[in-house]
Each structure stands twice: as structure tokens, then as C-alpha cells.
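Q: Those protein sequences? They're chains A and E, same order as listed.
Under the numbering used here, the first residue of the first sequence is numbered 1, with each subsequent residue one higher.
Under the numbering used here, the first residue of the second sequence is numbered 1001, with each subsequent residue one higher.
These are computed hints drawn from the structure, not numbers from a lab.
Every value quoted in this text rests on a predicted model; they were computed, and no experiment measured them.
One or more hints might be untrue.
Selected chain E positions facing chain A (Cβ under 10 Å, derived; list incomplete) [stated by the list, open to error]:
hint: 1; residue: GLU1086
hint: 2; residue: LEU1108
hint: 3; residue: LEU1122
hint: 4; residue: ASN1132
hint: 5; residue: VAL1135
hint: 6; residue: GLU1145
hint: 7; residue: TYR1148
hint: 8; residue: GLU1152
hint: 9; residue: ASN1160
hint: 10; residue: ALA1163
Don't be surprised by glycine CBs; every beta carbon is placed ideally from N, CA and C.
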Amino acid sequence: MNMGQWAELPWDLVRAISEHLKSYVDYVRVGAVCSSWNSALPKRPTHQFNQIPWLMLPFDDETQTLRSFYSIIDDKVYHLELSETSGKWFRGSCYGWLVTVEMSPALHLFNPLTKIQIALPPLHSFPDIEHYCPDRNGREYAIRNFRFEMTEFYDQAHMQEVYIEKLVLSSPPHDDYLAIAIFGEYRRLAFCSRNDKKWTAAETGGQICFRDIIFYNDKIYALTSSGKLLISDTSSLPKFTFIPVKLPNFETESMLYLVGSSNGLMMVERYYMGGDEELDPEVIPYKTSGFKIYLLESNLGEKMPRWVEIKHLGDKVMFLGYNASVLIPSIDFPKLKGNCIYYTDDQMELWLDNYGGFDIGLFDLEEGVIKEFGELNLSSRYVWPPPVWVMPNP
Amino acid sequence: MSSTTEIETHTKTITLKTADRKLFTLPEPVAMEFKTVKSFFDDNPDASSHTVVPLPNVNLGELEKISFCCEAQLDFRSRGESAKDESKAQQKKFLKQQTNDELKSLILAANYLDIADLLNVLNQEAADRIKNKSVEYVRRFFGIENDYTPEEEAKVRAENAWAFEGVDPDSDVDPDEDVMMN
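Make a model of the complete structure from these sequences and hints.
A: If you want it as C-alpha cells, here you go:
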């Protein structure tokens, strides 16, 4: 075999082989092989990686800038030096970008692998915020409460913590994108495009208490916490239209998520151990005890669309939490068991000073049981900041 | 271009001459899967099916394997959807049998012969074989000299330090002997 011939591998072959690498960590290592390969390979690869999200583990903001990310399929922890995440709250994770909320009203998209930060319109540019005065200690934000027609004042720490529930992107922010956020006391919707200076309120016909949003099949779907479904798209914004759907019987106090799949739109119900006799609130304030999955059945002619319960996900795996919900085939990942839901804690309203963030695990749909994963040895009571799923995408 | 003296088979054949000066004859439909060969005939309208096509960058060994793969794929394709699984299984079996060196030779040959589908499959196999491997392993696999100075290499690694942590240097595994196990 002609070693010399092989050693001078044509650039297009080097690139072609690297485009078949399914995980970003392999791509990075291939770039470190020699200086000519480093120049030949684009820093930001043009192909899609086929990956499972990492779990960003809790950290002590005061003392550490090294952040740990647990990879389920490698069963190892990656450490990244990320001082940029100090003092920020995470309210979303899409395509490898974390949504960070600062106490100064800045809002950013942050990529932990490239450390690139992209600014979103700041917190004080949301609808309802009458004015923001950083000098007005303890009352920096003046917010219009439209229900009671009065102005209320909030401090910036509180706003950083609770104002945004979740933020979702239409696509990776390298090019044009649309961002939609669930915000405010009444959990309304607002959106912005790349280069907008402020957030615009969506018109939802009076619907409030939104719980999840996704971009799916060129449409935008929003779900309220009572299960009402609304739809929009880039040309219809700011208007969202209500879709009457026959609702299933939900468990009390369950949390709902929207997930897109190749079989249709799914709604996932996450329910908790409830009732005082089952839980000693001193020990475990709340804990996920199971999930139900529904598929939207809408081709019913005259009849109203309805949610039909489905009992399994085939070989697919779902990841839920503050991230934009994803459903991934497990076939390329022999270590990953299909038909499971991996979840993190996003029960923000129940968090107090000494508990929260701990409700993470996986639900095995086949066996119908909750399990732990990764031997992460996290506290069963207080895990801070709450872990978030992040896709390792540059 | 047809010859009435072909008595072996009713299929036209093409003859190729390899880098190691061997002659290799294969059915015309298979030969036309090699874009390089097809271009030869497109560019030389006077050439007949008897004209020997020179291929100075491919050895007989690779050519035989590639011809075998392409012929099998043509056959599966003609049988339609039902043959899809069998086609995949056959391809998988063939790839498993190739050592790393053989795989690399096939990639170079398929690239030279310009056979897009086969090259895709071979490149995927190469990518799969360097998955989760250290930088040193990848260098030995491709036979690449490390041309970084120690300072340059340290800088590149520092940019994405997380990707290089705790990776086994595989110093005792020689890619030439390390065959894909599954």
C-alpha cells in the first residue's frame, strides 16, 4: 500500500470523511490531527450531528467557573471552563444554545462549546414593562398588570428568577431565527426576530398561562397549562389561533409538554406523587411519578380533533425540561435504551430556598417505572442550578 | 460499438488496465458506474468497447473488490425495495472483512474512480472506525505526520480542552492491526 499516497489525502476526502462523523467531539479531535487538516476543516461544520443531549450539572457559582456536562452515551463528564455562565439563570436550551437571563436586564443565547453569545432584546423590553430604572433599588421594574389595571413594582433579582418561564427558537441562531418566550405573571407569549430591539406580544385571544411552545412542521404550537392548543406561523404572527381539541382527563397538578414527532404532534403529561399521605413535604416536596403521551389525531373529517394516548415511543427517546423538547431515535446509540423519557426539573413555581432542582430521572415506558441514570449522586432535595439538557452543537 | 464476435456472454464488457499493469474485464454496466471510466468513453467517441481503459491510480486488488461491490449493488437495485435489507447486510459484511489499510486503499480507489455511492459508504465506515478514538490513533490510522509544534498543539487542544480530557492514547493499539469488532 502506498503510504505516501494516503498521507497526502485530498482535502475533499478529509472533509468528506469528517462529514460522516456523528458526534462533535470526534470532529474536534480530527481537527487536531495536523495543521493542514485543521485549516481544511470548517470550524463550524456544515453537516448535522446525530447526538444525544448532554446534561449540564449543578455548580457552585461562587467558587467555580468550570462547568460539568454529563454525556449519557459516553457515560462520562466533560468539563468546560465557562465563566460566562456565572450569575445567570437558564430558561431554555435549543440546538445547543442556552438561554441565559441576567440580573442586569440582559438576555442572551450562549453556546457552551464555542462560547459565542448572541444578544436577545433585554428583559425590560418585554410587553407590560412600563419602565425599568436600575437606580430604583428594590423596585427596578414597573410592570403593568392588565387584569387589575395597576402598576406593580418588582426587583431585578425577582425578575431574573421568575419573569421568563421558557424560551424557544425556530432554528439555530447562526442565521435568521424567531424566538418565542413564555413570560410574566400571567404566562403570556412574546416573540422577536433576529435584530429586533424589543419583544412583541403575541395575540392569543385572551388565552394565558402558557406552558410550552414548539416549532413543528413550519408552524408554531403553544399549549396552556390546562391543555388548550394554539397555532401560528411566521406569516400569521402576532396572531395565534385556538384549535379546539377534545381533551383527555388530566391528572391533577400535572405538567404538559409539546413534542414534535414524525408521527404527528405529541402532548406529554408529566404527573407527580400527590396527596399528603404519600408525601412528607418535609422530605420530598414533589417528585415525578410517571408520564402519559398523547398524539394529536386531526384527520377526523367533521369531528373535533382529539388527543389519543399512545403507550410507547418505539425506539425513540425523549428529553424534557427547560430545553425545547426533543425526540431522538436511539438506533445509533447502542447504550441508550429506546422508549424512554429523560427529564429534568422545571417546576419553578415550587422551588423555595432549600429545595428544588432535584426531580430528574428517566421514565421507562416499557416497564412503566421511574429510574435514575448516570450515578450522578445528586441530592434528592436541593440541586442547584437545576440541570438542563444541552445538545453539544457548535 | 457492439461486436458480433462476443460469444461468452450477451453483455458487453470493458477492459481496464491497472497501475500494476494487469488487465481486468468487467461487464459494461458495472464499468459505467465508475464515472472516471464513463468520462473516458464520453471524451473519446472513437473508442470502442475493445479499447483498454488505462487506470494508472488503481491496483488490481482494489479494482476487483470495487467491481464486486458495484455489481452486487446493481443487482440489488434491479430487484427493487425487497432487496434493500439484503443489500445493506451484504455491504456490512463486506466492510467488516476489510482491514483498516484495505479500507483506506478502497477509499482512494473509489475516489479516483469517482463512484459516489460507494465512496459515501466507505467514508462512513472510516468515520465509524475513528469514532471515540484519540488524536494519536486517528493520526496512525490515516498515516499522518503531526506537523504541529508542541506550542501549536497545546493551543489547539486548549481551545477545546474538554474534548481531549481522559482520552486513552491507545498507544498499545496499532490501527494496522486493530480490526473493527462488533
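Q: For every hint, state whether the structure bears it out.
A: Hint check results:
Hint status for GLU1086 of chain E: violated, given a least beta-carbon distance of 19 Å to chain A, over 10 Å. Satisfaction of the interface hint for LEU1108 of chain E is found here, the shortest Cβ-Cβ separation to chain A being roughly 6 Å, below the 10 Å cut-off. Hint status for LEU1122 of chain E: holds, given a least beta-carbon distance of 9 Å to chain A, under 10 Å. Because the smallest distance between the Cβ of ASN1132 of chain E and any Cβ of chain A comes to about 7 Å, under 10 Å, the interface hint for this residue holds.
Using the Cβ-Cβ criterion of 10 Å, the hint placing VAL1135 of chain E at the interface with chain A is satisfied: the shortest such distance is roughly 5 Å. Hint status for GLU1145 of chain E relative to chain A: holds, with the closest Cβ pair at about 7 Å, below 10 Å. For TYR1148 of chain E, the interface hint holds, since its Cβ comes within 10 Å of a Cβ in chain A; the closest pair sits about 6 Å apart. Checking GLU1152 of chain E against chain A by beta carbon gives a least distance of about 7 Å; that is within 10 Å, so the hint holds.
A least Cβ separation of about 5 Å between ASN1160 of chain E and chain A falls short of the 10 Å threshold, and the interface hint therefore holds. Given the 10 Å rule on beta carbons, the hint for ALA1163 of chain E holds: about 4 Å separates it from the nearest Cβ of chain A.
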